[in-house]
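Sequences are here, hints too, so could you generate the full structure?
Protein chains: 2
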Amino acid sequence: MSGDGAGRDPAGFAFAVTGRDAASRARTGRLTTPHGTIDTPAFIFCGTKATVKGLTMGQVRAAGADIVLANTYHLMIQPGAEVVAALGGLHRMTGWDGPMLTDSGGFQIFSMGHGSVADEIKGRRNQARAETLVRIDEEGARFRSYKDGRELFLTPEGAMQIQRALGADLVVQLDECTPFHAERDYTARSMEMSARWGDRSLAEFARTDDGRQAVYGVVQGGTWPDLRRVSTEYTADRPFFGTAVGGTLGGDKEEMRAVVAMCADHWHPARPVHLLGIGGIADILAGVALGIDSFDCVSPTRVARHGWALKKGVPGERINLRNARFRTDDRPIDETCDCATCRTVSTGYLHHLFKAGELTGASLVSQHNIATMTRLMREIRAAIPGGGLDALRHDWLGE
Amino acid sequence: MSGDGAGRDPAGFAFAVTGRDAASRARTGRLTTPHGTIDTPAFIFCGTKATVKGLTMGQVRAAGADIVLANTYHLMIQPGAEVVAALGGLHRMTGWDGPMLTDSGGFQIFSMGHGSVADEIKGRRNQARAETLVRIDEEGARFRSYKDGRELFLTPEGAMQIQRALGADLVVQLDECTPFHAERDYTARSMEMSARWGDRSLAEFARTDDGRQAVYGVVQGGTWPDLRRVSTEYTADRPFFGTAVGGTLGGDKEEMRAVVAMCADHWHPARPVHLLGIGGIADILAGVALGIDSFDCVSPTRVARHGWALKKGVPGERINLRNARFRTDDRPIDETCDCATCRTVSTGYLHHLFKAGELTGASLVSQHNIATMTRLMREIRAAIPGGGLDALRHDWLGE
Numbered sequence: 140m141s142g143d144g145a146g147r148d149p150a151g152f153a154f155a156v157t158g159r160d161a162a163s164r165a166r167t168g169r170l171t172t173p174h175g176t177i178d179t180p181a182f183i184f185c186g187t188k189a190t191v192k193g194l195t196m197g198q199v200r201a202a203g204a205d206i207v208l209a210n211t212y213h214l215m216i217q218p219g220a221e222v223v224a225a226l227g228g229l230h231r232m233t234g235w236d237g238p239m240l241t242d243s244g245g246f247q248i249f250s251m252g253h254g255s256v257a258d259e260i261k262g263r264r265n266q267a268r269a270e271t272l273v274r275i276d277e278e279g280a281r282f283r284s285y286k287d288g289r290e291l292f293l294t295p296e297g298a299m300q301i302q303r304a305l306g307a308d309l310v311v312q313l314d315e316c317t318p319f320h321a322e323r324d325y326t327a328r329s330m331e332m333s334a335r336w337g338d339r340s341l342a343e344f345a346r347t348d349d350g351r352q353a354v355y356g357v358v359q360g361g362t363w364p365d366l367r368r369v370s371t372e373y374t375a376d377r378p379f380f381g382t383a384v385g386g387t388l389g390g391d392k393e394e395m396r397a398v399v400a401m402c403a404d405h406w407h408p409a410r411p412v413h414l415l416g417i418g419g420i421a422d423i424l425a426g427v428a429l430g431i432d433s434f435d436c437v438s439p440t441r442v443a444r445h446g447w448a449l450k451k452g453v454p455g456e457r458i459n460l461r462n463a464r465f466r467t468d469d470r471p472i473d474e475t476c477d478c479a480t481c482r483t484v485s486t487g488y489l490h491h492l493f494k495a496g497e498l499t500g501a502s503l504v505s506q507h508n509i510a511t512m513t514r515l516m517r518e519i520r521a522a523i524p525g526g527g528l529d530a531l532r533h534d535w536l537g538e
Numbered sequence: 140m141s142g143d144g145a146g147r148d149p150a151g152f153a154f155a156v157t158g159r160d161a162a163s164r165a166r167t168g169r170l171t172t173p174h175g176t177i178d179t180p181a182f183i184f185c186g187t188k189a190t191v192k193g194l195t196m197g198q199v200r201a202a203g204a205d206i207v208l209a210n211t212y213h214l215m216i217q218p219g220a221e222v223v224a225a226l227g228g229l230h231r232m233t234g235w236d237g238p239m240l241t242d243s244g245g246f247q248i249f250s251m252g253h254g255s256v257a258d259e260i261k262g263r264r265n266q267a268r269a270e271t272l273v274r275i276d277e278e279g280a281r282f283r284s285y286k287d288g289r290e291l292f293l294t295p296e297g298a299m300q301i302q303r304a305l306g307a308d309l310v311v312q313l314d315e316c317t318p319f320h321a322e323r324d325y326t327a328r329s330m331e332m333s334a335r336w337g338d339r340s341l342a343e344f345a346r347t348d349d350g351r352q353a354v355y356g357v358v359q360g361g362t363w364p365d366l367r368r369v370s371t372e373y374t375a376d377r378p379f380f381g382t383a384v385g386g387t388l389g390g391d392k393e394e395m396r397a398v399v400a401m402c403a404d405h406w407h408p409a410r411p412v413h414l415l416g417i418g419g420i421a422d423i424l425a426g427v428a429l430g431i432d433s434f435d436c437v438s439p440t441r442v443a444r445h446g447w448a449l450k451k452g453v454p455g456e457r458i459n460l461r462n463a464r465f466r467t468d469d470r471p472i473d474e475t476c477d478c479a480t481c482r483t484v485s486t487g488y489l490h491h492l493f494k495a496g497e498l499t500g501a502s503l504v505s506q507h508n509i510a511t512m513t514r515l516m517r518e519i520r521a522a523i524p525g526g527g528l529d530a531l532r533h534d535w536l537g538e
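For the record, the sequence lines run as chains A and B. FYI, in our numbering the residues of the first sequence are 140 to 538. FYI, in our numbering the residues of the second sequence are 140 to 538.
Keep in mind the hints are simulated off the structure, nothing from the lab. Hints are supplied without guarantee of correctness; some may be wrong.
Copies of the same chain look alike in the list, so a pair counts if it works inside one copy or between any two.
[To be verified] Only pairs whose alpha carbons sit at most 30 Å apart, straight line, appear in this in silico DSS-like list of lysine-lysine: (1) Lys286 with Lys451; (2) Lys494 with Lys192; (3) Lys392 with Lys494; (4) Lys192 with Lys451; (5) Lys286 with Lys392; (6) Lys286 with Lys192.
Set out below in structure tokens:
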């Protein structure tokens with residue numbers, strides 16, 4: 140099954156569901172872009188400022204990644220979309236020749252300056268609006284650069300134009316990312332405005348469509364089932380190529396699953412569905428069972444830089460390499476992992492590198508964590524057709 | 140020609156001169172260790188704390204390096220020689236399977252805490268003795284850990300034992316590295332003590348020799364020709380496998396060449412000669428012409444981390460990637476370089492990474508600088524037999 144309308148399926152792009160789980164909404168698929176085809180469910184690794192921190196794109200590829208993203212918000216500020224364009228666009232500039240996604244910039248505008256992206260999505264409380272956000276109205280969002288404080292203005296049309304200049308395969312409409320603590324009225328009005336921004340995004344996208352990009356609409360609506368339903372139906376009724384589930388996903392993992400489930404009843408069944416900003420192993424397994432086709436999150440590489448290695452089957456999904464128990468441990472992080480890090484070095488060596496403040500430790504563990512996430516997704520894809528998701532969840536989470 | 144005595148040529152080790160320059164002392168050779176054979180003149184890349192900063196050993200290898208070193212001083216403090224031994228020794232611990240050298244630790248004891256290693260070797264003035272050095276006498280050196288201030292004591296025998304535990308192929312005797320500002324009397328007495336330390340090192344080395352390591356003696360003597368002569372003759376008369384030229388090399392490049400030339404008249408002609416701590420392209424070309432077979436220096440990777448890319452044929456040997464002129468330059472650092480960095484990314488991208496503080500920039504330029512140094516050495520080896528060193532110097536230095 141592929142996209143069901145010409146407007147929704149630009150030349151060079153396709154999405155086909157290739158298998159289903161009998162017991163859940165989980166499905167396998169193939170997502171085709173001008174820079175290659177990836178199998179889904181897939182994990183999209185974050186190269187925020189056009190680099191996966193501490194790794195070359197060659198290492199990212201060698202670790203098994205087949206799709207990466209970059210952040211419009213960061214790149215419009217530094218080095219600027221016009222510089223990226225002058226350097227040939229994101230693919231040529233970074234040397235990444237596979238599929239690539241950029242977000243719209245909206246998420247960071249609304250979350251920068253008050254806690255991490257993860258805090259915001261996951262609804263941790265006590266978050267105030269970012270001080271860098273000056274004003275938001277129907278026209279767009281006015282905010283200050285995190286770099287030099289200058290005032291910037293981003294509109295739905297502008298976000299499309301900037302993403303054209305950046306040149307990723309998959310792009311995302313500008314939306315307002317409403318936080319967990321927003322009231323229902325605000326969330327409802329914001330969601331409706333994001334829908335109008337979606338229409339403006341599509342109009343701008345169509346105006347300059349050259350078949351090299353495809354656009355995702357974003358579902359908002361907070362934790363209210365009726366708002367999520369309206370927002371999801373809006374995306375399904377418009378000629379978006381894909382559906383992205385955004386905004387707050389609630390205050391805990393249960394609520395996150397409930398919010399995704401609210402959307403799953405209504406999103407366009409033939410389009411790829413992306414869950415924005417989620418990267419925990421348990422959360423991914425839950426999202427897959429609800430029908431999510433792709434995920435992104437900084438966490439696999441961010442935790443790596445702090446000495447945490449993802450590991451199949453351990454409580455909490457990861458181990459802390461700074462722990463003294465690894466000091467003279469000459470075993471790899473995971474004897475069942477075939478990544479370059481596990482093939483060549485021990486946890487004892489990694490412990491030393493982190494204790495000594497050597498950046499090579501971050502690179503080696505980032506490689507391992509990318510490899511582990513790609514392995515998770517590979518095993519998920521293998522498990523879905525045969526009904527093996529529950530057994531896989533047990534293997535990975537040890538529960 | 141190979142080593143001329145059983146004591147000087149342990150099983151598994153050999154050095155053979157394979158070619159000579161008619162117009163200078165330059166020579167090509169092959170240096171064999173239990174972990175492989177390298178062609179000389181060679182550059183030994185510094186992995187101070189058992190890692191070339193910011194790179195995996197896979198990247199170091201891919202950039203063309205065939206031999207690396209680690210610093211005894213740093214490793215005895217962190218993680219400790221016993222930990223390296225428990226992790227299988229430096230080769231197994233780091234995943235580097237090629238030839239490896241460790242220094243004796245002496246150099247850092249005498250230079251840490253007051254300016255860089257390069258300052259000390261190159262005789263920049265106004266350097267005081269490191270405050271971490273507590274006392275030096277016939278028995279050994281007492282100093283404080285840079286990490287936690289605890290007092291440590293290193294003897295010639297201890298330096299050998301620690302290097303046994305670390306397990307590099309090539310090891311170095313403990314010496315006192317006399318600085319540029321030392322008076323003649325001090326330098327003479329110190330040089331004589333370093334010679335006695337050399338004898339103690341050889342005795343300890345012989346006591347535990349298992350054929351897996353070979354030891355270099357160190358030439359001291361400051362900038363005084365007669366002292367350099369005595370010290371060099373001392374090393375030639377003892378069963379060292381190789382000769383290392385250490386200590387101050389004078390106040391400028393001319394004096395450095397003069398000091399190396401003082402030694403070149405007297406060192407053992409059949410043994411590999413290493414020049415400690417020198418890594419500039421002009422200095423290497425000069426050293427090669429004086430008969431040096433190997434070099435080491437942190438500079439290729441240290442300058443890379445600050446945004447400097449080595450480049451053949453440019454004034455000053457390098458370019459500053461932070462310079463605004465690279466902002467939208469989509470050309471590689473060096474169009475004649477075939478390293479992974481030059482094959483995949485532009486100076487404009489690297490400029491962005493350094494301006495954004497992204498560590499990937501340091502990794503990419505470190506790879507390029509290693510590749511450039513290995514290319515320099517490759518071109519030097521190719522030039523020597525045909526008398527092409529002068530032309531090569533012109534090509535590299537643009538002068």
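So which hints don't hold here, by number, going up? 1, 3, 5
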